[in-house]
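Residue numbers are given in full-length UniProt numbering: position 53 of the sequence shown equals residue 53, and the series is strictly consecutive.
By construction, these hints were calculated from the structure, which means they are not laboratory data. Fair warning: this is a prediction, and the values are worked out from it, not measured in the lab. C-beta: ideal position from N, C-alpha, C; glycine also. Careful: at least some of the hints might be erroneous.
To be verified - So the derived label-pair ranges between C-beta atoms look like this:
{"id": "1", "residue 1": "HIS23", "residue 2": "THR60", "range": "10 to 20 Å"}
{"id": "2", "residue 1": "LYS68", "residue 2": "GLU26", "range": "10 to 20 Å"}
{"id": "3", "residue 1": "LYS3", "residue 2": "GLY79", "range": "25 to 35 Å"}
{"id": "4", "residue 1": "LYS3", "residue 2": "THR78", "range": "14 to 24 Å"}
{"id": "5", "residue 1": "LEU62", "residue 2": "THR19", "range": "28 to 38 Å"}
{"id": "6", "residue 1": "ASN65", "residue 2": "LYS30", "range": "15 to 25 Å"}
{"id": "7", "residue 1": "LYS31", "residue 2": "PRO63", "range": "27 to 37 Å"}
{"id": "8", "residue 1": "GLU45", "residue 2": "HIS23", "range": "15 to 25 Å"}
{"id": "9", "residue 1": "GLN95", "residue 2": "GLN72", "range": "11 to 21 Å"}
Claimed, not checked - Distance condition first, Cα-Cα at most 27 Å in a straight line; then the derived BS3-like pairs of lysine-lysine:
{"id": "10", "residue 1": "LYS30", "residue 2": "LYS42"}
{"id": "11", "residue 1": "LYS94", "residue 2": "LYS5"}
{"id": "12", "residue 1": "LYS42", "residue 2": "LYS68"}
{"id": "13", "residue 1": "LYS82", "residue 2": "LYS3"}
{"id": "14", "residue 1": "LYS82", "residue 2": "LYS30"}
{"id": "15", "residue 1": "LYS5", "residue 2": "LYS42"}
{"id": "16", "residue 1": "LYS94", "residue 2": "LYS3"}
{"id": "17", "residue 1": "LYS30", "residue 2": "LYS5"}
{"id": "18", "residue 1": "LYS68", "residue 2": "LYS3"}
{"id": "19", "residue 1": "LYS87", "residue 2": "LYS42"}
{"id": "20", "residue 1": "LYS42", "residue 2": "LYS3"}
{"id": "21", "residue 1": "LYS31", "residue 2": "LYS87"}
{"id": "22", "residue 1": "LYS68", "residue 2": "LYS87"}
{"id": "23", "residue 1": "LYS68", "residue 2": "LYS5"}
{"id": "24", "residue 1": "LYS82", "residue 2": "LYS68"}
{"id": "25", "residue 1": "LYS30", "residue 2": "LYS68"}
{"id": "26", "residue 1": "LYS30", "residue 2": "LYS87"}
{"id": "27", "residue 1": "LYS3", "residue 2": "LYS87"}
{"id": "28", "residue 1": "LYS3", "residue 2": "LYS31"}
{"id": "29", "residue 1": "LYS82", "residue 2": "LYS94"}
{"id": "30", "residue 1": "LYS30", "residue 2": "LYS3"}
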Amino acid sequence: MSKPKVVLVACGTAIATSTVVAHAIEEEMKKRGINITTRQCKATEVPSLAADADLIVTTTPLPSNLGKPVIQTLAFLTGIGKEEVLKQIEEILKQ
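Let's have the full structure, built from the sequences with the hints guiding it.
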């Protein structure tokens, strides 16, 4: 099996919101045959952790100079636009 892609999932406190988002991404990418590992963190920790990530998904604004693809979304909490965001995640991870 190929090396898993790393998805860094950030929110304000790295507790509840990032957990919901990380689990949703893990489940959906597994269904799509994409091997991933998620890592949850606070938004303030992202700059120091970004180097090891293939993608950053966040529910809160982040700096724009992280050198990695960033998706800022509330779709996993609201359900609005969730499928579109999942397609974006899939496309980035397949690169």
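Go through the numbered hints given earlier and state which of them the structure violates, listing their numbers in rising order. Hints 4, 5, 6 not satisfied by this model.
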